[in-house]
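Trainee: Single-letter residue listing:
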Amino acid sequence: MGRKEPEVSTVDEAPGRQLPPASAAEARRLTAVHRYAALGTATGAAFDRVAALAARIFHAPFATVTVVGDGTVRVVAAHGLPPRRALVESLCAAAVRHGGPYVVNDALLDPRAAGDPAVYGEPGVRFYAAAVITTPDGEALGSVNVMDVRPREAGEEELACLRDLAGLVMDELEVRLATHRTVEVERELRAGAERLARTLQRTLLPPALPRVPGLCAAAAYHPVSADEVGGDFYDLFPLDGDRWGFFLGDVCGKGADAAALTSLVRYTLRAAAVYDADPHAVLANLDAVLQQEHAGGEAPAPYCTAVFGVLQPDGDGFGVTLATGGHPPALAVRASGAVEPIHPAGGQLIGILRNPHFAQVSARLNAGDALLLYTDGLTEARTPTGSMLDEDGLTAYLAAAGPTSADALLTTVHDLITALGTGVSDDTAVLALSVPPATRTPSSGSLGAA
Amino acid sequence: MQHDNGLTISLQPHTSGPRLLVVAGDLDHHTTPRLRAALEEVTFGPGTDLVIDLSGLTFCDSTGIATLVAAHQRAHDAGAALLLAGLDADIARVFQIMGLDRLLSFYDSPEEAVRALSG
Chain A
192 MGRKEPEVST VDEAPGRQLP PASAAEARRL TAVHRYAALG TATGAAFDRV AALAARIFHA
252 PFATVTVVGD GTVRVVAAHG LPPRRALVES LCAAAVRHGG PYVVNDALLD PRAAGDPAVY
312 GEPGVRFYAA AVITTPDGEA LGSVNVMDVR PREAGEEELA CLRDLAGLVM DELEVRLATH
372 RTVEVERELR AGAERLARTL QRTLLPPALP RVPGLCAAAA YHPVSADEVG GDFYDLFPLD
432 GDRWGFFLGD VCGKGADAAA LTSLVRYTLR AAAVYDADPH AVLANLDAVL QQEHAGGEAP
492 APYCTAVFGV LQPDGDGFGV TLATGGHPPA LAVRASGAVE PIHPAGGQLI GILRNPHFAQ
552 VSARLNAGDA LLLYTDGLTE ARTPTGSMLD EDGLTAYLAA AGPTSADALL TTVHDLITAL
612 GTGVSDDTAV LALSVPPATR TPSSGSLGAA
Chain B
-2 MQHDNGLTIS LQPHTSGPRL LVVAGDLDHH TTPRLRAALE EVTFGPGTDL VIDLSGLTFC
58 DSTGIATLVA AHQRAHDAGA ALLLAGLDAD IARVFQIMGL DRLLSFYDSP EEAVRALSG
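Protein sequences, first through last, are from chains A and B.
What the first sequence shows, in this note's numbering, is residues 192 to 641, in sequence order.
What the second sequence shows, in this note's numbering, is residues -2 to 116, in sequence order.
Hints are computed from structural coordinates only; laboratory data are not their basis.
C-beta: ideal position from N, C-alpha, C; glycine also.
Hints may contain errors.
[What the hints assert, rightly or not] FRET-style restraints, in silico, Cβ to Cβ:
(1) S115(B) / P397(A): 51 to 61 Å
(2) G528(A) / E108(B): 40 to 50 Å
(3) P397(A) / Q70(B): 48 to 58 Å
(4) D98(B) / V415(A): 25 to 35 Å
(5) E37(B) / G593(A): 46 to 56 Å
(6) E37(B) / R545(A): 14 to 24 Å
(7) S7(B) / R434(A): 50 to 60 Å
[As the list claims (entries may be wrong)] One side of the interface only, derived from the structure: several residues of chain A facing chain B at Cβ under 7 Å:
(8) C443
(9) I543
(10) G577
(11) M579
(12) L580
Just chain A, same shape as in the assembly (with noise of 0.2 Å):
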């Protein structure tokens, strides 16, 4: 029995199993190919069903779908044979040379398949029918094929189902690598997002906090979401003499406006600072600018809720003075475990209002005290039970962690943060202070002195 079909008489390369050398031509359809399988999973029921068709289609017992890479050819759906088993890998590369349908009528007097073993030995491969699976712009990946041990003739409405059934395979690969694509691309969005809200978090808060001598401090940022930036802020620097201010707060808004204000508070508290220390007056100075800044504007009003405060070495701990500007209460954790809020009454939000209030309260912090401040995403975060932490919830919880230090301090409230897990919603700040427990040991000496 003779080859009958014409396609196969024009084919003029050289038999063999392997490839020839590339080509550029060559080259172009491997780009291709490597294109599609970085997929990587390009097999799945859809390319099953595919395989199973075509057999069913022929009457035939075998058929595969596979992609003939570099001197490969990969196999990515069988029917009739086991998962991952190429037949007469020969004629599947010679079908995607070739270009076109392809059909073998009898692979025994084909010298393309030639020593092949699927044809030579078991099953004994005699008929073979290809569609090649050609991307939009004509390269040729793969082929659907079908096979059969007896020699026979292919019909023509056989043939165009084959051709659409190769049409489909390469429909699926084109989602595939649509879908592919689109996760990259968002992928890479977010961690250019991720990148952005990285970078303006940093140019947002300290680097680092400067060492006060005789106190520990330490602070941290809790963000919600990975590429929304949040306006939670807070700094810890120098006055005159041996006072330091600190301060921490929450701007309106997110994202890039949020950014900007966080921005022109942070330097006009430090400002403020330096020409008044006053905490009312730096708060009442950050309002008159932020005022000013909305003067006439249409959108809502930019405003903030912070703490302001003043410490001042005295003996062995500080005297410290906060003003709020409608902040939650900062939190003193005393040396005796006890926790209580050093917050004066009646501070009102800074920027938004007419002739608003603030106030200012004065404590000392004792050596084992400890002093945090925080954002209102910590207190306005739903505990299991569905309700607001609140500042309660939060004395409690400190409560029962005991005497603590700075860092101490911010391990706990990470603590809480993590346990609280999605009901926390909104960003938070915490600045943590604490001066170092007195160390009563007169027979060794003081250990702390150096």
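With chain A's structure known, arrange chain B on it following the hints.
Mentor: Showing chain B alone in chain A's frame:
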């Protein structure tokens, strides 16, 4: 953060007594412009008071707060009263921390707010 509660606003004019603006759902930076627009429609003058019923308010972010504060100032400038009624306990707590309880008047219900105006 997802808030799916939308926002509904309806103004109920009264032939006698204050007007009632019923605001329900989430007030965030997506929905607040609608409240701002509704409030801009409200004219204030001496004796033309407004009660905002917030008993259906489920969330209020910083833009919502700014809008309520601005409306209050506008009413105050015109010699009118703006009263808030039915605020959820958690939102009321947030308003209190922000010192807004010194500025705005809160009432448990619209009826109570109306009574306070007529009393």
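Trainee: Determine for every hint whether it applies to the structure shown.
Mentor: Verification of the supplied hints:
Range check, S115(B) to P397(A): about 55 Å between beta-carbon atoms, so the 51 to 61 Å window is met. For G528(A) paired with E108(B), a C-beta distance near 47 Å keeps the hint of 40 to 50 Å intact. Here the CB-CB span from P397(A) to Q70(B) is close to 35 Å, at odds with the stated 48 to 58 Å. At about 27 Å, the beta-carbon gap between D98(B) and V415(A) stays in the expected band of 25 to 35 Å.
Separated by about 53 Å at the C-beta atoms, E37(B) and G593(A) satisfy the suggested range of 46 to 56 Å. Take E37(B) and R545(A): their Cβ atoms lie about 19 Å apart, and the range 14 to 24 Å holds. The hint said 50 to 60 Å for the Cβ distance between S7(B) and R434(A), and at roughly 55 Å that hint holds. Look at C443(A): its Cβ gets to within about 3 Å of chain B, closer than 7 Å, so that hint holds up.
The interface hint given for I543(A) holds, since its Cβ lies 6 Å from the closest Cβ of chain B, which is under the 7 Å cut-off. With its C-beta approaching chain B no nearer than about 10 Å, G577(A) sits outside the 7 Å limit, and its interface hint is violated. The criterion of a C-beta within 7 Å of any C-beta in chain B is met by M579(A), whose closest approach is roughly 5 Å, and the hint holds. Proximity of L580(A) to chain B is violated relative to the hint, the smallest CB-CB distance being about 10 Å (cut-off 7 Å).
When each numbered hint is compared with the structure, violations occur for hints 3, 10 and 12.
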